[in-house]
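> Chain by chain, the residues:
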Amino acid sequence: MNSRPYAVAKRTLGIFDKLLDVNWGLVLLITIIATVGIAMLYSVAGGHFQPWALSQLSKFLVGLFILVVAASIDVRVWMSLAYPAYGLALLLLVAVDVAGHVGLGAQRWIMLGPLELQPSELMKISLVLALARFLHGKSVEEVSKPLNLGIALVMISIPALFVVIEPNLGTTLIIVMDGVSLLFLAGLSWYWIVPAVSAIVTAIPLAWRFVLHDYQKARVMTFLNPEADALGAGWNITQAKIAIGSGGLSGKGFLQGTQSRLNFLPEKQTDFIWTSLCEEFGFVGAIAMLVLFATVIFYGVQIAMSARSQFARLLSMGITLNFFFYIMINGLMVMGLIPVVGIPMPLLSYGGTAMLTVMFGFGLLMSVHVHRQVEIPRHSGGII
Amino acid sequence: MPLFDKKDKSRYATFSRRSLALGGGMAAIFAVLGGRLYQLQIRDGSEYMTEAEDNRINERLLAPPRGRIFDRFGVELANNRRNYRVLLVAEQATDGVEEALDTIGKVIQLTDTQKKRVLAELAQNKKFVPVPVAENLTWEEFSRINLHLPYLPGVQPDVSETRDYPYGPEMVHVLGYVSSVSEQELAHDDDPLMSLPGMRIGKRGIEREFDKQLRGRAGASRVEVNAYGRVIRELGRDPGGPGQDVWLSLDGELQRFADQRLSGESAACVVMDATSGDVLALSSTPGFDPNWFNVGVTGPQWRELATSDYKPLLNKAIAGTYPPGSTFKTAMALAAVDNGMDDLVVGCTGSMRLGDHTFYCDAWRIGGHGHVNLTRGIQVSCDICFYEVARRLGIDKMAEAAHALGLGSPTGIELPGELGGLIPTRAWKMARFGVPWQQGETLVNGIGQGYVLVTPIQLCTLAARLATGKAVSPRLTHQVGASLQSHSLAASLPFSDKAFAMVRQGMGMAVNAPGGTAYGSRILQPGFEMAGKTGTAQVRRITREERQGGLTPQSELPWAQREHALFIAFAPLDNPRYAASIVLEHGGNAHTEPQVQFARDILTFAQKRDTLGRPNAYPPVNAAAAVPVTPGYPIKAAALSKGGAI
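Same order as they appear, the protein sequences are chains B and U.
In this text, residue positions in the first sequence follow our numbering: the first is 1074, and each later residue adds one.
In this text, residue positions in the second sequence follow our numbering: the first is 302, and each later residue adds one.
The shape of chain U in the complex, shown without the other chains:
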């Protein structure tokens, strides 16, 4: 057989042909690979670069320190306390986490529940995530941990910040408190800070009203992470903006005094600068310790707060609505003078008939007050006199006067949850009940009973407006950060000076003239004398049988059926600077008038301390550095992580 023949040649030709064909195929595949590289790296390169950056760069939010809250003299009412805590990192606990917890337990106190919680949290997180073991340690405990650190693998001592209210319950209704973010709040606020673990936001009071400013702007730390989320290094840091401090018009000492004075009662008290409307004290008792909510309220604590008859969760000063009782007569008297009743004299026999109804005066047992003019009507709080005033004014003029004096609508105080109360009119009753107004109702409302409802802060506003004759409105904040709170100047009121003078005279007599309803609790110290008007709000109707059978003394009634005791006042008498209002729930006592005693003590304290005379400590206002009211959030987690390459 020959070594090579035609067949060899033919298959060599075939081989060459087909090799070239395969070579062409290979070249085509190489072109595909090259084309794909072009597509991925050149055409879509920048997109993939962004995705790679997204992969490796994480935004870690940094919580800015929350703004502090100061009183007018620079006393810190809410600040941030160092929270000494111990963290445990599972992967560094070389002896195992349970062993580590046991060792920690030998250094500081650890309960079994705490241990269980830590173990559960450790199980939920990745091994390199630090989990808090114990918080709010004392400096001593913290030092002990640091001392034993060499024998505590995986344990990290850490200092974080937590909100602290040094005065606890005494300021709670003004300051409010902070607590953890609820799911609902999370859904309605796109501030990246909201999703920060351990984030606390304002829930009530100033903390809530100025939450955005107090909160500050989220800082961010850009870190490089690997595929498992472990931080490799920090690439950059934006410290964020610390929260702005809020400066209140409050006098912390006066506030504390008022709160202590009212303690044990279910009561509210507001003291303000009669000329400027600066609220100096705003107390509602009982209160509760706002620090509870920061660390978490326990079940029993919450049940007690929520079910107590004394309603400790309610800020009665702004959200408690009460019939003003006889304090309302001041407003009626003011309107009466300007409606031609300046020389009105009413003969009081203790009762008065209108239609088939008999209306009584407090003095009915002693046969009435006799001849009563407006000032004396205020002094002795004669109902008959003001029935007559009301009858002549008519409900709509009464309502007009009450509104002009700040009653029946929210005052606009910088606190959340303020209620408006109610000043009835014909139109209101028709809309509300579908029945026309009755003249009898005019009389009842004329002495502050019936439908009329006001809040203690409205009563204080009334007192300030009576004292100054100006449309003073209450205000609680002086400045936020470096920017002044804007407050409109008090306008004048649609009443004559003569009317104001007469009412002030009546109020002066009510306190300082014998026979006045508050005479027994007047301020004796010369120069500090106050003027005022007492009030009693019935919480139940007194029947004719009761009236004839003799009234049950208030002190013998069940607490919840006793009358509310009210008082509005201003001091000093000649040149009023302080206005005050007090509502004592179910605290009625015609003999001792305890609410007047409270007012006496509080106003005496304020004048002795000279709250308005001493220099305040507000920081300088820098107009250029004024911070906008709504803080901007230049750091949006999503927006930043899309940012350019480092």
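Isolated chain B (complex conformation):
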């Protein structure tokens, strides 16, 4: 990777140096993935830039700008902003329940001027920031102390609770997984992990009875046996599998995906964009896309490993994991391996907030990369 001399990298990086130091290889990868996504949106619209592809392109360009800006801001500034960001995201999340409007049976959006904002998306990044900030000062032993662990769990549960009542099961899942993995990475003792996992396993039947909404239960049931209701609730899964499977080895070709073009795929431009990609570019194309995703994640892990502060490490690993969880849940969902939960495929699915937050996340990742030599004392709280 970059091997600039330590002395140059220290503290006094100018904006130009920072831009040069941005991992442009990663940016290129992201751009390639987003371009494929825009092409897919062009395709599912029947070969038109309207209504999705053009809008997605502009969002991506805004996202790219955000990425570069975020990358060039000192990671310690981000550290200082961690808690305020968390607080702001939480406020917006509450506002969704108050002022949000109903879309697809779930309250997820809030109108911020012309921008349709999904606070739950913002929350993921903010939580990663805040937890990384909190855990930065904790040694391995301290992390497992009940008080610290308790604070961390509260930081995770409050947004999780607000998201789950929206209701948005998928995002709740990601928020919890983001938080728990950060605790794990910060060195949470196995004495906590093993009993917790056992408790969760026993809690699933209880959650089924008391927590899950009917539509969520229906999704799970449909998932377990999609053919039982192939024309009703099982439609999504069945049609998605047909779309993916019918792509075969090399796909039907760009703009030739019959399943999406003829509207057999529901929400083809958002959560189910992956199926269109599989249909048109086949096994070869889908595997290539998985390799691109894996490479991005590999970059992320590498950036995390080479960072010199616990905050930067946790932040970059958290963002990488967040990106991965999107891919995992969406991929497993549209390929019929887990129930349908509304999670988009990052960089590919149409959607402004997801695109901007993912790009912002990559900006933070890049900031860690650019400022990888910055050391932050354990008790520091940033530089603002």
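Everything labelled a hint here was simulated from the structure, so no lab data went into it.
Accuracy of the hints is not assured; some may be wrong.
Unchecked claim - Computed list of chain B residues with no C-beta within reach of chain U, every gap over 10 Å:
hint, residue
1, PHE1089
2, ASP1090
3, ALA1118
4, ALA1143
5, GLY1223
6, SER1254
7, GLY1415
To be verified - The calculated SDA-like cross-link candidates involving lysine to any residue, where the alpha carbons are at most 20 Å apart (straight line), are:
hint, chain 1, residue 1, chain 2, residue 2
8, U, LYS308, B, ARG1381
9, U, LYS407, U, TYR452
10, U, LYS310, B, GLN1446
11, U, LYS308, B, HIS1452
12, B, LYS1132, B, ASP1147
13, U, LYS307, B, PHE1122
14, U, LYS428, B, ASN1336
Glycine is no exception: its CB is placed at the ideal position from the N, C-alpha and C atoms.
Once you have looked at the hints, place chain U on chain B.
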């Protein structure tokens, strides 16, 4: 406090270790995703490809034009008429469907019931499905719609085909009719055409008998549809096979003449080529208009058809069974000659005693016919003579002769619903009633009363067989499509030429010699003379009191109690070419013999027209292109949609 210490190192180590563990976990999930892709796209790919094709490709059946029906001279008896209609597509009716209907109503006549039906149908269908608003429009109305089309959004003028019978009721009992498919028929026929909306199939007559051939083979249009069923484009088209034309042996003009001649009566008439068995006319009156059934019969129409005493729905020529009455004597005489009674002479006094029963002859009031031989017995229709013949023959020999002449069993005419009638035997009576046969019954059956039942087409077959001496069988179709109908050649009959000659002589005398029962209605035109035998079938038993008190004239009896009047005939006398039979239900009149007059007119018409002499217009038969009788259906909706990719 130092910037970095051991604790930092230890948690960096932990972080690295656990990051690698998570990295491994992520790699594992990626492997799962890749594996799933392999499973769906490579292992099961072809299955899903088929399902995707199933999704997007629909088979739209195309109705082939129904085969036409022609007579022997190429006259169209059943054809397909253009049905001008107006369709309405809800989603294109920008001003709303009710507004559209109102506007259509200003251009052509639309009743409120029609409007209601259209609105109901529109509500049931998807918005892009065209719904018929009005059908069978005149060309003028249709032109008006086309003219106003710019102001009629959502309105589609359309031309479809509908069955038409130009001669209406005159041919209905031969042709039958088409009507919509019933649920039961749908369940028993897997032809994909059956489920086509608006499909009509043959319900009676030739339309039913040759329905499969007339129907043709379903065509199909492969269209791409989206998830809502809307057609995006046509991918391919199989025009299907048009229905095969059916060529009848019928002479349409003769058929019409016969039907018109019998109109007003409840009667049946069959005319056939005495040598070949070609049916030239087959009429059963009254009839009904087959075009009603195509568009749908109204309640009152149906009630009238179903409840009339004249039974217009019944094809009496093949499914009406009647006692043959004295026409049966011809068969008895034939058997008598070959059983040593060629010189039989019976003294007729008007009555005859057998056991404690007295059997009467029609001539009982004038003291009988005197000395009667077989030919004179036929001429004057002497019952006493044939009582004696029957007594000597015995019921089983009588039955044998009757069967040999085509009576008492279906003739095999190519029409559905033919009945066999009945020729009784000892065994039959034992099986039927469990009582032995009585000799008195032999006598009664010997003059065509009692249990004997025959159909008019059997009587015509009898006339043809008497005229030619050959086992002629009736046939109605000459060819279907390009393939000839196979008909076996007429075999010879187990009667001597002498027997035939005597019977023909008797029948000639019955019509042309004074004193003959049909003398009053003979054909006068030289060369066209006919021979024949009258018959009367009692529908009620005449009691002794009535006989002694004087018979009530038939014309004073209620219609349903009057005798049936029958006649079999052939013409011309010397070289018979036409055979005919007539049954006039409850039309008995010993003085005027109206059924003979009908036969006279019909046979005169046929001979003047020279039906058998003029060249027929059958199309050339192409043996190579002969179409199999059961049409194949290469297009099965299910099978095709599973077909390969386009």
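> Taking the hints in turn, state whether each one holds.
Okay, the hints, checked on the actual structure:
1. PHE1089: holds (29 Å)
2. ASP1090: holds (24 Å)
3. ALA1118: For ALA1118(B), whose nearest Cβ neighbour in chain U is about 14 Å away, the distance exceeds 10 Å, so it holds.
4. ALA1143: holds (22 Å)
5. GLY1223: holds (20 Å)
6. SER1254: violated (6 Å)
7. GLY1415: Since the minimum Cβ distance to chain U is about 19 Å, GLY1415(B) lies beyond 10 Å and the statement holds.
8. LYS308(U) x ARG1381(B): holds (14 Å)
9. LYS407(U) x TYR452(U): holds (12 Å)
10. LYS310(U) x GLN1446(B): holds (16 Å)
11. LYS308(U) x HIS1452(B): holds (13 Å)
12. LYS1132(B) x ASP1147(B): violated (24 Å)
13. LYS307(U) x PHE1122(B): violated (57 Å)
14. LYS428(U) x ASN1336(B): holds (17 Å)
Against the hints set out earlier in the document, violations occur for numbers 6, 12, 13.
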